Structure formats: C-alpha cells, structure tokens
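Put together the whole structure using the sequences plus the hints.
Residue numbering for the sequence shown follows our numbering, beginning at 236 and increasing consecutively.
One or more hints might be untrue.
As the list claims (entries may be wrong) - Quick list of in silico lysine to any residue cross-link-like pairs, SDA-like style, CA-CA up to 20 Å:
1) K321 x H882
2) K442 x A454
3) K1006 x G975
4) K850 x K442
Just so you know, the hints here were simulated from the structure itself, not pulled from any lab data. Note that the structure is predicted; figures quoted are calculated from it, not measured.
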Amino acid sequence: MEEMDTEDQEPLHQVNATSCCAKSFTLMYSSWLSSHLRICAFVAGAFLLSSLTVSLCFSELPEFDDPAKEFITIGTPMAARLYQLKALQYNTISVPSMHQNIARTPRSIPAVEEIRFCFELPDQQSDQLWTRFASMGKMVITLHDIDTNQTFPTVPGAVQSLCHLQRRIEQLPGYARLCSKASLFDPHSHCCPVWSLPNFVASIVRKTSCETVTSADVARVHSLVQVCRAFFLSGELKRSCWDAASPSHWLCPGVPRECFAHPHLLLLLAIAGPLDTGTSAWNSTLFVLPVWPQVGLALWRDASLDNPQTLSKLTENLTVPLTIEAIDLGVYNDLSRYYLLSDSVWLALGAGCLAVLLLIMTDGCVSIVAVTFLAIAWSLVVAYALYTRVFKIPSFPLINMMSIVLLLGLGADDILVFFKLKQRFTNAMSFLLGLFTSDDSQMCWFLHLTRRTLGQLQHNLKPSIWQRVWKSVQPVPDDVKSLTDKSVRLATTLNHAVPSVCLTSLSTLGGLLISLNSDIVAVKRFSAFASLTVTCHMLYVFVTVPVALLLFIPPTRRTCLRAPQKRVSLAALIVRVRFIFPFLTLAVIGVSIYFLFFAGRLTFPAGSLQPAFYKETHPTEVYKRRGNEFSWAENTLRRYQGLVTVHMVWGVTERDPRSHWTWVPQEDTLQHIAWDSDFDILSPEAQSWLRTFCTELTKMPRSFVAPQIPVRRSYLEASSLLPVSSSSRCPFGRDVFSIGDYMASIDCSSVHTSPCCSNDTAACLAAYALKSRFPTGLRFSPHSSKVVGLLISAVANVSLSNATYSEMLTYTQELQSWFSSILSTAPRGLSRGFVVSQELAAFDTYQDLLKFLPLSIALSVTLAASLVYLSTLNLPLAFTSLVSVMASLLLCCLFLVAFDEWTLGIVEVLILSLSAGLAVDPCIHLAFAIVRSTQATLEWSQRCRTALETVGCAVTGAALSTAIAGSAVIPSSLKCYHQMGVFLLILMTSSLAFCGAAFVGCVACFPNKCASPCRSSRRENFS
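Structure, rendered in structure tokens:
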C-alpha cells in the first residue's frame, strides 16, 4: 500500500488555474441554486411566462400571399440595374407634358373581365381567347397503363371514358356553384361546359352531347386531325379562314377543304390535341375548366383535389383507365396559406413522435418532456416577436416556417444531453457498491472513480476485485461523499454539458449566420429568424434546464443499472473494428464526389428558374413544371410570355438603395433614382452614335424577329401574343416611324413653326414623341419637356420556359459582351448606359446561389472543425472531425439527390448550407468527452471507449430525436417542410454514422504521441 500512498500524494499545483476557476464557479452556482431552488424556479418561471405573454400580445400572424415575392436579390449589379430601370419608368413619362397638365394616375390592378363563353355559342371568335385560356382552370388527363403507341382516338372507348370523367368533374362539390355560367345571350344560362376533347368531337360531328359520340365519330375527327394539323402548325389554317366575306377555300387556298368542317377543329388542335407534329404521342389531353382564379381555392378546398383518393374516385371504373396527371386552378400562391394549416397535422405528428422518444430516453420522465416542448414553443414565439417588433422586418417569407421543423428536431438535443449527464452522475453512488461486488472492474471507467474513492470503499470490496480495479483508476484525489451532494452532482453535470452544448449551439448558429452572406432577401430573413430561434432556445436551456434537473430528477433511478452494459458492448465493438473506419470514410468521400460532381448527379433544376413550393408529385406543381408538354396552346403561351425582353438604359446609374431588412414589394419604394449627371442625348456626337447603335441593334445576340401581326387579333394564333413593341424599335434608326423618318416628313419650307426646322433638338424630340404611334423609348420629366433618360427595348429569342441555367449563363455573357463592345465607343454623355432584363431576375438569384453555396459550405465546415479544435486544443482531433463532417455531408447530399431527386434550387441550397453546423454535433460531444477522459494513462482506444460510454447514449438520443421529428413531416405538401424533414432524417443518420461512430473509430487509431501536452495536463482536473 506504500505505492498507493505515494501516488495519492501527488502535488496539486499542476492543476490548471482556468479549469479550477471554472469548476469553482459552477460549484458555487450549483450550491446557490440548490439552496434557493424555489426562488430560482419562481424567477425562471416568471421570466418565461412574462416574455411569452408579451410576445403573444404584441405579435400578429404573418401573411403568405405570394411565397415567391422575397426570392429576389438586392445589392447585386443586376438588382441595381433592375431597380433603376423601374425607378426610371416610375418617375418619368413617355411623352412630354408640354403645356397641358398630365397628371399621373395611380396604378391599380386591372379589373378581370367577366367571362362569357358557352360551348355551343360562337364565343370562340372573341379577341380575348388567349387571356381566357390563361385564366381558366386546367386539368391534364392521361391514359393509364396503356402502351405508349396507343392514343385517345385509337383506343376503343377512350373518348367516351373522357366524357364520363368530364361528367364526374362537373359533379364535384362546389363546381356547379363556382363555375362560370354566363353566356353571350342569356345571363341566366346554366351552361357551364368544359373545353375538352369529347366536347370538341361532339361539336365537330354536329352532336349535342359527348355522350352520343360513337367510335365512327372519333375516327372521323382523328382523320381530320391527321390531315389538318400540319397546316395549323404552319399558320395556314387559322380563324380568318371562316370569315363570312368569302368562302374558306378562297381565303386559305393551300388548306384541304375537309379542314373547314368546323371552326372548333382549331380549338381541338390548339388545346386538346397532341403537342408534336404527329399524333403518336396523343396519350394526354387537356381539359379547360370554366373556373376563375378568384374561386379556384374554394373549389380546391370543397372538392379536395389534392387528395389522392378524390382523384382515384374520379377515374375509377372507367372503360379505359385514365389518370389525372396535373391540375391548375390559378391558385398556386394561395395554396401556401391553405397548406400551412393542413400540414400542421404532420407537425403535430412529429411532436408526438418526439414526445414518445423522449419518454423512452428519459425513462418516463414526463416533466423533462414538458420542459422540452415549452422550450420549442417559447423559442419560436419570442423569436417571432423579436423578428417583427424589435428588428421590425416587414415580411415573413414562407421558408421561415422551416424553422419550426428545424427547432422541432433540434429542440430536444441539448436538454437530452443535460439529462443524460445528470442522470449518470446521480446514479453513480446509488450503484457503486453493487457494481463492484462482481468481476466487472471495467465499470470504474464509466463512473469516473479515483483511487481515493476506492481507498474509502476498500472494506466493501473483495480483495481479488480490489487488486484488479486499483490499477485501472487514475491517481487523482476525490471525495466520495461529494457524489451524494446534489449541488456537486449538478456542478459536475454543468462542467461536462455546458461547454459541449455551447459549442454545438454555436456550430448551428454559425451555419445559419453564414447564410447572411447571400444577397437573396428570403435567405437573409430566414437566416435572421432561424438564428433568433436558436439563440432563444440556448437562452432557455441555460436559464431553465439546471432548475428543471434539480426539480424533476429524483436522487436514484432504478432503470439505469442495465443501460451501461449495452453501451459498453457497442463501444467495445466500435473500438475493436476501428481500423475499418479510416478506409470507409475515405471511400465514402471519393465515391460521393465522383457521383455528385463528375457524374453530374448534382445539377440545377430544369425548366422554370422559379422556386418550387410544393412536392414534385403535387398536381399543381406538376402543371407548373410540365404544363407545356401537354398542349400546343400552353406550350405557345409559355414560350412567348417567357421571351426575354432586353432593355438598354441611359440616364441613370447603377445603384441599389434598398436594404434586405426593410424591403417591401411596393412601388412607393421607387423614389431613390440615381440620375446620371453626364447624360446628354442632344449633342451631335450623341445623335450620331445613337444612329450607329440603332443599326447595331439588329445584330444583338439571338435577336427575335417578330412575325407580321395581323390587324384582327382573334382566336389562339401565336402572333396575337406579341405586343406591338415586341419588335426591336430604335427611334434614331432609319426605320419607318423613326425620328429620321419623322423629320424627313416635315416640309420646313411650308411649316416654319416646327422645332425640327429650327435645330431645337430637345423640342424636336418632344414633338416626335407626341406624334409617334409607337413607343419611342424617350423618358421625359413629368414637370417639363426635358429628356432625362432613354430606354430602348428589344426581344431576344430566348424563352425562360425551356431555357436551362447553362443556356441562360451563355446568353447573358454574350449579351453583356456585345453591349460592352458597342458602349466602348459611346460619347461621354452616353457612356454610362447598361443592359438589363426583368426576366433575368430569377437567373440573378441562381447566380447568387452559385457564389453562395460553395462559400457557405466551406465556412460551415471550417467553423465546425475550428470549434472542435477550440474545445480540445488537439489538432489531430480537429482534422479528423473535418474529414468526418465532409464524409457525412457528401453522403447526405448523395442520398438526397438519389432518393429525393434534389437539385440546386434556392430552398435546397439554403438547407444544405446548414448541414455542417448540424452534422458536427456528435464530433463536438465525443471529442470533448475524449479529451476530458479521467484515464490519462490509457491509450486512445480506451479513451474513445470511455467517451462512447459517457456520452454515446446522449449523442444517439439527440440524433434520433432530430431524425424522428424530421421524418414525421416528410408527407407534408409544402416542399420546404418535406425537404427539411428528409434532410434532417438523412443528415442525422449519416452524422451519427460518420461524425459519431466513424469519428471515434478513426481517433481510436491514433498513436499515443498525438495527445496534446496542454490537454494531458488538464485531464488531471476532471474526475
């Protein structure tokens, strides 16, 4: 026993002063808290209740009218140009005021014209068919389980099945009440038809109802479609062929006479027919429902059109199986508010699953479960009050609601870590003697016992066990009686839990704050709100949890005796197979990098660059994404409406005065116009250069050449979609209606009063603007006839409906290069011009994402590794955590792409930017436990095993709580909820595998010389 006494008298002056001060502070705080527990509980409860009450009283519910309105950039060059373009248009007028007082009329939303169409009436001759087609509800019907070579006209009974489906749609709840019934001649008409293939067939063959259509009628119409479709696509077959002035074959001589059977054939070809030139792909058709967007949401709710059972009932027991592929009632934005309420069911399910898991992890401690959910509710309410009332951010983007899912998953992590550590130290003394009446001497590692502790317990242990246990316990003084003191147990819990919980919260907070680097308004505001929720939750934990641990955890818990044996076996298995983990980690990194980047699995979304807010299988989302694949009319409408209009602007400079935190989507914010002080359009040099520019304008990359616009705009002709100003018109060129043409038309010998004859350029331009029948692009001050700006517009043959990100990037580079080369020769008064397009605003958002994502991921991973290093002061541990986090992130991203079809959309990028801050949590907990191991003389493998036995259960429980809460909201209709749920499930699984097990396995492979001298001296302080 002399050896024992010598080792037991080691000097204490080597104890680190900082650590001693920290332990003394926590001990004093715990003692004071234990002595004044009721007062502390009252103060904490009063603080929580008062702050919650104030937040609820002074907060208003957010509005979600347009979920995409905050997805704009502010502060980028493109954003500055767009702002100044709108400011120039808003603060100037296109014609000079002269002597008359031209008052600016307030802008208002144009009134929607009441629809007046009935199927049997000649309403198809209206000039507003494109507007009506775009505004009406639509439904895409496809053949189900039929060979792709089969089409609606060739499958027996297919058209009749469409007719039966149409009747079922008309019998939907609310349809008869909400559909448009007015006709041209009878305002009391109950006619409420659907523009559909069976109705068109019935009309063409002169039947009164689609129910009387026979197979012979379908074959006849099919023959007409095959003959006439090519003439329809070429524009030869059009509405004017049926003008009463002359016979149809005279008006359209190149069209076969059978194509003039009925004008409804044009509607069939445009709306219900196949998209391509042939009819082989005619396995889908479009129904146009007479439902306005104003009543679309009511019909959607009444008929439950998003319910798969409703759609199945509509198509069941039909002769030919059909499927409702997509639906569009013009309520895409309104559905976000509807689903926020309906998806609350999935949030409640997630909360229920989390409660069950917490009850299991806390051995049925209901009080801790209540404390956890109070933390989530309090953090969200207080954070929202700070967001809206203190920081006064004017809008609440829809993606901010992802914070609920995020906090639901993370809310239990910190509290569970506190609980497990407190439970561990509470149970230590209770089972001390029972554990050492057997041969399981390894349990002293789990209990962090010391030689003085065993010295005082020597008379209670068998001599054979005593000798084996003595060699495995560190020679640091301790007082076994302190284990029975609840203040000391709480202080020990705080010493272990507070640093790791602080670091994990900081890692999550850092991942959120890094999103502030983005220039997208919605991303910045989400980052602000989510950061507030995490900060409020951290404040709640540190204020409430220590009090709750003293109040609700009893001195002993019988169920803890069996738990260590399970943890020891798992820890031993991980340590035993530790040499597999380094190779496995590197293999996962290599394979993930190959598939994501070299194999091209990680791409930008195809089609529209606007963010998607509902799941990919949602009927409305399907129509938004693929609606142009089902109908010539929809394809043409999107293609022409998506054409990029390029604006060349002079008179203002690139400056964006808006702020991400005060921006609101209203026109009264367009007051900060940055005038170009050097702008001069009146000098001879400027006039000469503008004439040259107008000549070069025809060489603009991918310039769109508009077809000749007919005088009479009728029917669904593509040319009717083109406004008069679509063609590139430059007022200083040599075209008809240019200023040169205007001046040449003036006879100065007879008209002496014309300002163009007296070389008054400013007055001449004003007179030209007043006389021109087309927009001139000249912008005048509303208070005088002075030209203050110039706006020349041209249409590019690039449509956002089908252009990919790479195509848009190539085009913008070509356009900017072309304009810069021309502008380099401009005189000083026109040298500050710029080119911009409003249609490219969504592209600018993706440009920001391209710069934001790599930087945010790199900063998040670096921050995570830095936090591990700060908590351990051990460089090998920090590097291992860096590699583990990278493996976890890459594997998570690969699974998201492979199983949930993720692309680099705005919401996806925002979620991925949080991944490093969330994935590193197991690394921080385990690394902190490794360096604070009481077994300073043990090898790395033994320290890793001790760390797993100490915090492994808490880390696993925290990851499981997050994963289960996320998985519960996966069925949500809101895509942001769904994606956040899938992300949390996959990330927590990969994080537990690589930042937990693989990280510890890799560290267990370290040689002993990797131990940090600084930490080695500190380990003597922790027992």
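Checklist entry - So which of those numbered hints doesn't the model satisfy? => result 4
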